[in-house]
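Below, each chain spelled out in residue letters.
There are 2 protein chains.
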Amino acid sequence: MTEPHKGGRPRSDATRHAILSAAYDELQAVGFRAIAMERIARRAGSSKTTLYRWWPSKAAILLEAVNERSDRYPGFDDTGDVYVDLLEEIRGVIKFYLSDSGAAMLDLVAESRFDPDLASAIRDDFIAHRRAATRVTWKRGVARGQIRADVDVEVVMDALWGSLYYKLLVSHNPPDMGFADQLMNTFWPAITG
Amino acid sequence: MTEPHKGGRPRSDATRHAILSAAYDELQAVGFRAIAMERIARRAGSSKTTLYRWWPSKAAILLEAVNERSDRYPGFDDTGDVYVDLLEEIRGVIKFYLSDSGAAMLDLVAESRFDPDLASAIRDDFIAHRRAATRVTWKRGVARGQIRADVDVEVVMDALWGSLYYKLLVSHNPPDMGFADQLMNTFWPAITG
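If you read the sequences in order, they're chains F and C.
Numbering-wise, full-length UniProt numbering puts 162 at position 162 of the first sequence, and it's gapless, one number per residue.
Numbering-wise, full-length UniProt numbering puts 17 at position 17 of the second sequence, and it's gapless, one number per residue.
In silico SDA-like cross-links for lysine to any residue, where the CA-CA straight-line distance does not exceed 20 Å:
hint, chain 1, residue 1, chain 2, residue 2
1, F, K167, C, D124
2, C, K167, F, V93
3, C, K139, C, G193
4, C, K167, F, D115
5, F, K167, C, H172
6, C, K167, F, A128
7, C, K167, F, L106
8, C, K167, F, P116
9, F, K139, F, G193
10, C, K167, F, P174
11, F, K95, F, E68
Everything labelled a hint here was simulated from the structure, so no lab data went into it.
If you're wondering where the values come from, they're calculated on a predicted model, not measured in any experiment.
Excised from the complex, chain F in its bound form (with noise of 0.2 Å):
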């Protein structure tokens, strides 16, 4: 999400970081909905055509400014346990949503109901990307013999990833760290090999 919009000039560092800035601060401010390109880019002491030429939309900005967060959605780690990489990552992404950060990003992924170019965004820039981080993992471990190759990792990411957003936003009961643990005691039989 870091490479300049395709078709725009390259983006000067400083300016970028000033509109992201600005941002996630009119994100915490107003919320999304109400949040106008114009206040950003006054705030950034930038323009509202320098923003349409870098961004293709307001959710575009918005999701890049959280996941440009120091605090951001964790990457996985090679332990050489498929088993302990999965359960790190679980908590990586319990403690990212209970982050300032991982509101905001809350934030978005509600209001993506109501906005598509969000949604598409969400999709694309987002899930596809931490789809991919946890396909990668995946097939080591069925390269190890850690995992069977039989098992559905399409549906593996969407029950333990999904369990999280759940307790985020639909059953309003957050995720603690032990829950990772649960969750992989709970899942772990059923795709080991």
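Fit chain C to the known structure of chain F by using the hints.
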């Protein structure tokens, strides 16, 4: 959710239906956030005072309005085979969420991120009942030896139901009926005895 609101007078059924129907129409017309109690009351030929006598909040009215629709969230069957009961329930929930009432329910779930009354109502008046119904079926499965007694039904529910909400609200890749079979094929081995 059909009992009279505690402390209020018994509700006239005709007035109640008029109010719930007006509330549902307003939800479709302007969305939860923009709904004014005054407009629901006017559309129903009632008064704001009546609305607040019978429901504690706008959130409570809207949740009841959606859950009173004829194509509402399904209940479990008892076919004698818990695998079939779970599979059919998952299919029913998918079908519900692809209906108009299901879409309205998803709107409320998304909005609950931004409205504490709605979050409490969904947790306590919707999710709690759905999970209680799942536990009844689950216990039948354990009693009949179809489900292992040591599997954590709470975690399984988070993952099974969570996968559906994830696909509908997060990854924006809505489930089709075949997803019910994929889910059960993947996770039944982890829970069956």
